[in-house]
Amino acid sequence: MIDALGSVGTLLLVGGTSDIAVATAHRYLRERPLRIVLAARDTPRRDAVAEELRAGGGTVEVVDFDADDPASPQRMVERAFAGGDVDVAVVAFGQLGDEQRLRTDATAVAGLAQVNYVAPVVVGTLLAERMRGQGHGVIVALSSVAGERPRASNFVYGSTKAGMDAFYSGLADSLVGSGASVVVVRPGFVHSKMTAGRPAAPLSITPEAVAAAIVDAVRRGRHTVWVPGVMRAVMSALRHVPRPLFRRLPL
Amino acid sequence: MADRSRSGQVALTGWGRTAPTPATVTTAASADEVRALLGEAGPRGLLARGLARSYGDAAQNAGGHVLDTTALDGVLDVDLGAAVVEVEAGVSLDRLMTLLVPLGLFVPVTAGTRYVTVGGAIAADIHGKDHHRTGSFSRHVEWLDLLTADGEVRRIGPDRDPELFWATAGGMGLTGVVLRAAVRMRRIETAQLLVDTDRTPDLDALLELLTATDHLYDYSVAWIDCVARGARLGRSVLTRGRFAHRDELPARHRADPLRYSGSVRLTAPDLFPSGLLNPVTVAAFNEVWYRKAPARRRAQLQSIPTFFHPLDGVGSWNRVYGRRGFVQYQFVVPLGQEETLRCVVERIATSGTASFLAVLKRFGAGDPGYLSFPQEGWTLALDIPVVAGLAELLDGLDELVVAAGGRIYLAKDARVRPDLLPRMYPRLDRFRAVRARVDPGGVFTSDLARRLCL
Numbered sequence: 001m002i003d004a005l006g007s008v009g010t011l012l013l014v015g016g017t018s019d020i021a022v023a024t025a026h027r028y029l030r031e032r033p034l035r036i037v038l039a040a041r042d043t044p045r046r047d048a049v050a051e052e053l054r055a056g057g058g059t060v061e062v063v064d065f066d067a068d069d070p071a072s073p074q075r076m077v078e079r080a081f082a083g084g085d086v087d088v089a090v091v092a093f094g095q096l097g098d099e100q101r102l103r104t105d106a107t108a109v110a111g112l113a114q115v116n117y118v119a120p121v122v123v124g125t126l127l128a129e130r131m132r133g134q135g136h137g138v139i140v141a142l143s144s145v146a147g148e149r150p151r152a153s154n155f156v157y158g159s160t161k162a163g164m165d166a167f168y169s170g171l172a173d174s175l176v177g178s179g180a181s182v183v184v185v186r187p188g189f190v191h192s193k194m195t196a197g198r199p200a201a202p203l204s205i206t207p208e209a210v211a212a213a214i215v216d217a218v219r220r221g222r223h224t225v226w227v228p229g230v231m232r233a234v235m236s237a238l239r240h241v242p243r244p245l246f247r248r249l250p251l
Numbered sequence: 001m002a003d004r005s006r007s008g009q010v011a012l013t014g015w016g017r018t019a020p021t022p023a024t025v026t027t028a029a030s031a032d033e034v035r036a037l038l039g040e041a042g043p044r045g046l047l048a049r050g051l052a053r054s055y056g057d058a059a060q061n062a063g064g065h066v067l068d069t070t071a072l073d074g075v076l077d078v079d080l081g082a083a084v085v086e087v088e089a090g091v092s093l094d095r096l097m098t099l100l101v102p103l104g105l106f107v108p109v110t111a112g113t114r115y116v117t118v119g120g121a122i123a124a125d126i127h128g129k130d131h132h133r134t135g136s137f138s139r140h141v142e143w144l145d146l147l148t149a150d151g152e153v154r155r156i157g158p159d160r161d162p163e164l165f166w167a168t169a170g171g172m173g174l175t176g177v178v179l180r181a182a183v184r185m186r187r188i189e190t191a192q193l194l195v196d197t198d199r200t201p202d203l204d205a206l207l208e209l210l211t212a213t214d215h216l217y218d219y220s221v222a223w224i225d226c227v228a229r230g231a232r233l234g235r236s237v238l239t240r241g242r243f244a245h246r247d248e249l250p251a252r253h254r255a256d257p258l259r260y261s262g263s264v265r266l267t268a269p270d271l272f273p274s275g276l277l278n279p280v281t282v283a284a285f286n287e288v289w290y291r292k293a294p295a296r297r298r299a300q301l302q303s304i305p306t307f308f309h310p311l312d313g314v315g316s317w318n319r320v321y322g323r324r325g326f327v328q329y330q331f332v333v334p335l336g337q338e339e340t341l342r343c344v345v346e347r348i349a350t351s352g353t354a355s356f357l358a359v360l361k362r363f364g365a366g367d368p369g370y371l372s373f374p375q376e377g378w379t380l381a382l383d384i385p386v387v388a389g390l391a392e393l394l395d396g397l398d399e400l401v402v403a404a405g406g407r408i409y410l411a412k413d414a415r416v417r418p419d420l421l422p423r424m425y426p427r428l429d430r431f432r433a434v435r436a437r438v439d440p441g442g443v444f445t446s447d448l449a450r451r452l453c454l
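From first to last, the protein sequence lines stand for chains A and B. If you read the first sequence in the UniProt record's numbering, its first letter stands for residue 1, the second for the next number, and so on. If you read the second sequence in the UniProt record's numbering, its first letter stands for residue 1, the second for the next number, and so on.
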């Protein structure tokens, strides 16, 4: 249960080895010891993250999850909830993809759509069903400012994020009165292993900044969060820039 | 406190109006109806809820069933000779007083509100201003009928299945549903109390006074100004008293010495903004409260509501804290741990957190319930509006309390650190063992139980 002052007992990280997921767990551990369910592929990195969070005071459980495998979400959610209620579930998996390849390789596009859209909405549906049943819980969906107005440089990624963003925004409304809720988080460029080697965009941020925004949003019961906060105004302006001009912006 | 949602479930909160969760609420008026509900409980379980005066999530069951016990309101037997009443669990202390004070009987223990049910008083094992004399409520229960998860009704007491009885006393409703109980009442000659008031300039003076003379009074409680700092840290108004004998009343009261009227004079509307009680307004209130109290007064006559339940005069006073609600932090530390007490008061006073009503009492010996709160020592209760940074402040206080060998009160709690609970309640294992015996499937559960892994 999330208590009266917003402290969390059990945290589920789907895509548990992502930098934002790990930073979020650390952020919560700074407040209190808690139970953490780490859903990710069985990799050495997962073991390392689990060890790291245990050392930070967490009671860590590990669950297999592979966004490429259509059968994985169902199994993952069943196991994640087997140990009791989940208070906060962070849907933090996703890929950027290779933009050059995505322009021409339809298989790569289908693969990215599976990981960034199909799997997140399937996971979201299953999480929502569980949380409706338990009468409480918060789903945190990691969207992206890239979904707000897709641009030529990474429109496939942008379109998958636009889709999952729309799904979770609508899911939030469908959960009103159930005790469960959704926070949609829209970060800008995050310095992480996903973006490693890419030039940073303006207003770039760290995974720790996103984690801080997530913890704050859950505590305050917010529904949509931009990180950094100024992104909201920036994207609001960009949305209205005429196409010929938008196309030429160095984004 | 309860908002109906479209799913047919009702969003419930405790008295502090924090962390609402939905549940299917059913009113039952007989043991058979309760048993029928037990059969429908489902995976999210069942919990009894009385008048919902617990501050946090003790009477909530997210996604599950909640049994409203207030229709189980029969007063089954009054034995004036033995001063024992047999009642159904949904009967309130308010009703018992209205009915029995005119007959010369008073409840053995009353909380700061009389709007609690007998079932709730047992489940929270409530204490009152007379704890140093009489112990907690459950010590005055001769027996109770408990509907357990197997559908059986078991009559238990200190001498019949004492383990289940002492797991139920203070057990927060997690062993089953209390259906009825036999309660030993206190005999009174009048419905008036003789009250002594003392104002103390600081915490030391208060503790000294309580240590020296508390044993002379049946009832004792102090209000502390938790905003004043420095030399005035912990300045207090101490009120202590006992029921008056008939010949101590002035002539005009003697004809009808047991005349009693407990009624709500006005009800707070639900329109207060959340920031109304802030450090400035609370400091002003505390200043006035301290100054208007007499420095020393002896043998003042007070009515039962004035002495025991001053806040009950205003219905729904919890609304004054606005939509964000408030939490009550009540802890106890053993005698000899006065430094911890001082440290807590100091931290509250310097935190800028506005604690509106802080109440201090010296507890007598601890009670037998496995999860009963009282232990011999000092208990302080603070009402604090929900503000940013409060979680951190109270988590820090938890550590002080545990290090001193103390604990927090589950009936008030909405936020304690779950990992500290076994250290606060060393008999938690015994409680769990009894619960595993009578409710292996975990049918009876609550938000509190889930939050704290009880």
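If you are wondering where the hints come from, they were derived from the structure by calculation, not from laboratory data. Take the hints with a grain of salt, since some may be wrong.
[As the list claims (entries may be wrong)] Just the calculated beta-carbon pair ranges, DEER-fashion: (1) A:54 - B:267: 49 to 57 Å; (2) A:199 - B:388: 32 to 40 Å; (3) B:26 - A:173: 26 to 34 Å; (4) B:272 - A:247: 49 to 57 Å; (5) B:316 - A:173: 54 to 62 Å; (6) A:68 - B:419: 31 to 39 Å; (7) A:204 - B:26: 48 to 56 Å; (8) B:297 - A:55: 14 to 22 Å; (9) B:151 - A:194: 52 to 60 Å; (10) B:42 - A:57: 47 to 55 Å; (11) A:229 - B:419: 55 to 63 Å.
[What the hints assert, rightly or not] Sample of chain A residues with no beta-carbon within 10 Å of chain B, all distances over it, derived: (12) 1; (13) 2; (14) 32; (15) 62; (16) 72; (17) 84; (18) 97; (19) 100; (20) 134; (21) 162; (22) 172.
[As the list claims (entries may be wrong)] Here are some chain A residues pointing at chain B (derived, C-beta under 7 Å): (23) 3; (24) 82; (25) 83; (26) 136; (27) 166; (28) 170; (29) 173; (30) 175.
The structure presented is a predicted model; accordingly, all values stated were derived computationally and were not measured. Positions of the beta carbon are idealized from the N, C-alpha and C atoms, including for glycine.
Hint check:
| no. | hint | in the structure |
| --- | --- | --- |
| 1 | A:54 - B:267: 49 to 57 Å | holds (52 Å) |
| 2 | A:199 - B:388: 32 to 40 Å | holds (37 Å) |
| 3 | B:26 - A:173: 26 to 34 Å | holds (29 Å) |
| 4 | B:272 - A:247: 49 to 57 Å | holds (53 Å) |
| 5 | B:316 - A:173: 54 to 62 Å | violated (31 Å) |
| 6 | A:68 - B:419: 31 to 39 Å | holds (37 Å) |
| 7 | A:204 - B:26: 48 to 56 Å | holds (54 Å) |
| 8 | B:297 - A:55: 14 to 22 Å | violated (60 Å) |
| 9 | B:151 - A:194: 52 to 60 Å | holds (55 Å) |
| 10 | B:42 - A:57: 47 to 55 Å | violated (35 Å) |
| 11 | A:229 - B:419: 55 to 63 Å | violated (33 Å) |
| 12 | 1 | violated (4 Å) |
| 13 | 2 | violated (7 Å) |
| 14 | 32 | violated (6 Å) |
| 15 | 62 | holds (20 Å) |
| 16 | 72 | holds (24 Å) |
| 17 | 84 | violated (7 Å) |
| 18 | 97 | holds (39 Å) |
| 19 | 100 | holds (47 Å) |
| 20 | 134 | violated (5 Å) |
| 21 | 162 | holds (29 Å) |
| 22 | 172 | holds (15 Å) |
| 23 | 3 | holds (4 Å) |
| 24 | 82 | violated (13 Å) |
| 25 | 83 | violated (11 Å) |
| 26 | 136 | holds (5 Å) |
| 27 | 166 | violated (23 Å) |
| 28 | 170 | violated (17 Å) |
| 29 | 173 | violated (12 Å) |
| 30 | 175 | violated (11 Å) |
Checked against the numbered hints given earlier, the structure breaks hints 5, 8, 10, 11, 12, 13, 14, 17, 20, 24, 25, 27, 28, 29 and 30 and satisfies all the rest.
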